[in-house]
Amino acid sequence: MKKTLVAILIGLFVLVILFFVFKNNRQLSTPSATDNLISANKDISSVTSNDNLTIEEEIVAEKIEVVHFHATQQCWSCLTVGEYALKTIKEKFPEEYKSGKIVFRDINGELPANRDIVVKYQAGGSSLFVNAIKAGKDHIKEDIDVWRLVTDESQFINYFQNKLNKLLGN
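With my numbering, the residue at position 162 of the sequence shown is 315, and numbering never jumps.
Since the hints were derived computationally from the structure, they do not count as laboratory data. Treat each hint with caution, since some may be false.
What the hints assert, rightly or not - Think about it this way: if two alpha-carbon atoms lie no more than 27 Å apart in a straight line, the pair counts; the simulated DSS-like pairs of lysine-lysine are:
id, residue 1, residue 2
1, K216, K240
2, K254, K216
3, K287, K319
4, K216, K273
5, K216, K243
6, K216, K294
7, K240, K254
8, K245, K319
9, K273, K290
10, K254, K287
11, K156, K216
12, K294, K240
13, K243, K287
14, K245, K216
15, K155, K216
16, K254, K290
17, K273, K287
18, K251, K216
Kindly produce the complete structure, drawing on both the sequences and the hints.
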């Protein structure tokens, strides 16, 4: 009886290992939907930046789009990043905001209606993107530095104001 039980357990163990090996091998060889989207987006020539340069070093923007992506249910940090970005734009760049030179967009990335913009920006989860547009060409870059500043409103606003000023050539 003991030998039979041990043999069954060893057999189950081997089957589990084979399952995971096969599953991982199949995942490596089959492109995922995300891989297909990324591959398709490489063909979009308007969504590019030069290799080692940041947006600020590359261009003086004719128009700036600040896009805050989020989920339906947002945590405090996600809400605050969007709030501080919009506050910075409205308070520090009122003329540019009013004229449309700086645009703020708040996008729920989970909604099917927003799929195209999520793909364009290659947004994954909560994120803040800055798109510096010059001669009709997009220069999209995710700003990850805002997350470390989310607990200090004045530092966030100062940082983001400086970033937008550089893009405007100020």
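Structure-based check of all given hints:
1. K216 to K240: 18 Å, holds
2. K254 to K216: 5 Å, holds
3. K287 to K319: Holds: K287 and K319 sit about 14 Å apart, inside 27 Å.
4. K216 to K273: Cα-Cα ~17 Å, so holds.
5. K216 to K243: 15 Å, holds
6. K216 to K294: This hinted pair holds, its Cα atoms lying about 14 Å apart.
7. K240 to K254: 16 Å, holds
8. K245 to K319: 13 Å, holds
9. K273 to K290: Within the cut-off at roughly 13 Å; holds.
10. K254 to K287: Status holds; Cα separation ~11 Å.
11. K156 to K216: Outside the cut-off at roughly 75 Å; violated.
12. K294 to K240: 20 Å, holds
13. K243 to K287: Roughly 22 Å between the alpha carbons, so the hint for K243 and K287 holds.
14. K245 to K216: Holds, at about 16 Å.
15. K155 to K216: Between K155 and K216 the Cα gap is close to 75 Å, so the pair fails against 27 Å, i.e. violated.
16. K254 to K290: Holds - the C-alpha atoms of K290 and K254 are around 15 Å apart, at most 27 Å.
17. K273 to K287: Holds. K273 to K287 sits at ~17 Å (cutoff 27 Å).
18. K251 to K216: Status holds; Cα separation ~12 Å.
Hint check: violations occur at hints 11 and 15; the rest are consistent with the structure.
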